[in-house]
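Novice: Place chain B on chain A using the hints.
Protein chains: 2
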Amino acid sequence: MPAESNGLAYARSNRARFVAELIEFVRFASVSAGPKHARDISNCAAWLAAQLRRVGLDRVQVLPTRGAPIVYADWLHAPGRPTVLIYGHYDVQPADPISEWQSPPFEPVVRGDNLFGRGAADDKGQMFTHVKAAECLLRTSGLLPVNIKCLFEGEEEIGSTNLPDFVQRHSKTLKADVAVLSDTRMLAADRPVITESLRGALSLELELRGPAHDLHSGNFGGCVHNPLQVLSGIIARLHDRDGRLTIPGFYDRVRSMTPEQRAYMAKVGPSDAEILSDAGAERGWGERGYSLYERSTVRPALSVNGISGGYQGPGVKAVIPARASAKLNFRLVPDQNPHEIDQLFRAYVRRISPLTVRLAIRTELATQPAMVDRRHPGVTAAVEAYKRGFGNAPVFLRSGGSIPVVNLFQKILAIPTVLMGFALPDDRLHAPNEKFHLPNFFNGIATSMHFLTELARIGLDAFPDHRDTPLSLCVHNGEAAR
Amino acid sequence: MPAESNGLAYARSNRARFVAELIEFVRFASVSAGPKHARDISNCAAWLAAQLRRVGLDRVQVLPTRGAPIVYADWLHAPGRPTVLIYGHYDVQPADPISEWQSPPFEPVVRGDNLFGRGAADDKGQMFTHVKAAECLLRTSGLLPVNIKCLFEGEEEIGSTNLPDFVQRHSKTLKADVAVLSDTRMLAADRPVITESLRGALSLELELRGPAHDLHSGNFGGCVHNPLQVLSGIIARLHDRDGRLTIPGFYDRVRSMTPEQRAYMAKVGPSDAEILSDAGAERGWGERGYSLYERSTVRPALSVNGISGGYQGPGVKAVIPARASAKLNFRLVPDQNPHEIDQLFRAYVRRISPLTVRLAIRTELATQPAMVDRRHPGVTAAVEAYKRGFGNAPVFLRSGGSIPVVNLFQKILAIPTVLMGFALPDDRLHAPNEKFHLPNFFNGIATSMHFLTELARIGLDAFPDHRDTPLSLCVHNGEAAR
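In order, the protein sequences belong to chains A and B. Here the numbering used here is used: the first sequence runs in plain steps of one and ends on residue 575. Here the numbering used here is used: the second sequence runs in plain steps of one and ends on residue 575.
These are calculated hints, taken from the structure and not from any lab test. Accuracy of the hints is not assured; some may be wrong.
Copies of the same chain look alike in the list, so a pair counts if it fits in one copy or across any two.
[To be verified] Using 25 Å as the maximum straight-line C-alpha spacing, the simulated SDA-like pairs for lysine to any residue come out as follows: (1) K410 with R330; (2) K129 with Q405; (3) K360 with H309; (4) K410 with G326; (5) K265 with L169; (6) K410 with P190; (7) K504 with T266; (8) K410 with R302; (9) K410 with Q186.
Isolated chain A, as found in the complex:
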């Protein structure tokens, strides 16, 4: 494949400029949380659009939304070949606590093999691999092996608020055979990873109201039920002694792993000790009979994200609070449905709540679990691309997190998303001193070129007709619950 080897040579001889351009990109303080950086966001989007034009993509557009603009570009001159939707995000997490940064978060610098700066890995550096891959191929052969559509949003870190509406409205424009997203982690610089499953999420707020107003716990202690005590009792009754959720029916749709799947997970996944070390915890906890890796990826879980009620300041305030609330976060696995779990949770909590309090439950967020089939041509292309880009075949890992855009593409565009990450475990995503490992940047660019080339080699015929058999692409799907 001469086009590809010319592209690889071009990439090697332009490394210094690519790093310089990535530094320009990271220099924008494109923080999406809060309105403070709205100008940085729009400047960053404009810079990115200019990059895409310079690279040689067509129809480069900065499209306004109610929030941050979406940058779109495509190159569609490979008729009869697959079309890849490349998704990424140019917004970043807030940089605080600033004082903990060794160098200012928005003055990116290279130290050793790493580029330090907020967003260097999440997601600017990772998404930029695909932009530079397109440049390498277009500048050396004038062509790409497949059609590509780039969709770069600016609100990922605040929940992609305006993306669902955008994708819905532009579903024809965005039509593709597979999506690719580079915003996940590898195990090490020579151990690439394809994330093959994500847990769904269901976030709820539980509020209890007791007495009409706060009471003095001297005067009323012992004769009025305390909402914080009731809340504690409810939360305590959500798990049994074996670390399992007690909500009737909760596990009914949980898909069992086969012995082969469990053996593969045990072989390639992190050990209990590695997970505890990452967590900074001395001991594990959870559902009996499963490894910590299994508990946090293929088994569902419920976390209390916060409890609020009563006096929380210094010293003593003798109060029985009128209200208490808890933020709860379920993580769900195939084939659990967030909407159904929501109903089961509500029914159970209503049943175990005493009559001494009034109960309100609000659903804040619901995301389906997602899996990508290893046999999908997009995945087999990614495996081959990693082999050639990093010199090693990737392992398939499962993630305990949720990436709503994966569900969105499945639901609206009926395509799976290949999670082809280039970040390292110590890249400190969302934390001070975030960095991106530059060898991964260069290998990522090569991997992206191989990915496009391999998709062309596999050919469009290998892709399932997703209008007829959507479920064969992404095993689990369903209506997003409210």
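Specialist: Same frame as chain A, now just chain B:
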């Protein structure tokens, strides 16, 4: 008693000014919790001292402590007559939640018969009755019927931190035959009450630490024990289904009430319905076999005053918090000892805590339960004073609250404290929209004048020699626990 009737006439013709002065007093945001209001505290103390000088008291002093200053004044020109120590506190509870106040907490206003503002009843309005009573008598006759010593502190709401040391160091100056404290409630505006027993208090903070830092509940949910969940479990296990505390040995020293005592309580005390109405609660709760009045006065109790941990802002933050804490408040009855209960609690909680968290328990406050003998001349004078000030004899009630100063005066000065309260059940002490019923303010001023006059009539000889028989005055006493 012409001095007294002149004083009463003076009080009637100065009502408007007295209310205006009380408004000035309540306007100081003299919140003792936290350092934020230190200047309001000292301004309030200075204002109070100026009041006492204007009233005509001697030796008015603002005495510094390590915390809020203590305001002292006396009038000792009645040799051979009893000496009354008038105690009160000019500090107030925090006003939060501010948004629930109908009018700003520190911009006191009169609506109908009530003065609304933080501290209007607790304790500024109630202590001010005695200040104004002294003014009425001194301005009309130039004399008081007995000797008085005023001790007004600014740290009552945070546990009177510096008062014990102060009373110890000034025990000779503070020597008196009886103390009076107006910081308790009546049953209704025409149903006065002398509080004859108080519960002890034990406040603790329970803190749990889990992972070294906050974790993402997607990545780690299900494999690391969540401190908020553990905390909920511990709190849930502190009570059984019958509303009793589960701490082994907790009830061992609880004194049983005689059938006569229970019959008197049932006759004069509030009904379950009245207590629920006061609480703004639909249903009662607590230890089976006791009325709500008994549960909240002669039976011990544990309240959760606050829980803190994790994310409490708007929306969703998927976090497993590194720490969680709860503020707990025991109320104890004779003959429970706070120090012993502290030990029993610590042993039990350590036993039921899992190894997945590190536990820390801090004792914030410990107060003995207390009782006052109905036959003491200070009590009989108060009975007579109420009859004349409010037109009805008082009943003897038991309080669920704790007043550490009662223990302190008993222990160091060997005198009982007459609890002659003027607050009403709906005055919302410690809660938003606290108020003071102005007819009670006026009748309280009259009652205070009658009280001083009646003590003079009873005469010094009727007072027991408290050095020989301290236990006949205050039934329960003991070392203050740490």
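Novice: Next step is simple, just say for each hint if it's right about the structure.
Specialist: The hints, checked one at a time:
With identical chains, the CA atoms of K410 and R330 are at most 25 Å apart between copies only, with a shortest distance of 23 Å across copies and 28 Å within one. In this assembly of identical chains, the alpha carbons of K129 and Q405 lie at most 25 Å apart whether taken from the same copy (23 Å) or from different copies (16 Å). With identical chains, the CA atoms of K360 and H309 are at most 25 Å apart between copies only, with a shortest distance of 24 Å across copies and 57 Å within one. Within a single copy, K410 and G326 get their C-alpha atoms as close as 22 Å, and across copies as close as 23 Å, so both meet the 25 Å cut-off.
Proximity of K265 to L169 under the C-alpha cut-off of 25 Å is restricted to the intra-copy arrangement: shortest distance 14 Å within a copy versus 94 Å between copies. In this assembly of identical chains, K410 and P190 lie within 25 Å of each other by CA distance both inside one copy and across copies; the values are 23 Å within and 13 Å between. In this assembly of identical chains, K504 and T266 lie within 25 Å of each other by CA distance solely inside one copy; the values are 16 Å within and 82 Å between copies. In the homo-oligomer, the alpha carbons of K410 and R302 lie at most 25 Å apart both inside one protomer (19 Å) and across protomers (23 Å), since each shortest distance falls under that limit.
When the C-alpha separation of K410 and Q186 is checked against a cutoff of 25 Å, the pair qualifies only between copies, where the shortest distance is 8 Å, while the shortest distance within a copy is 32 Å.
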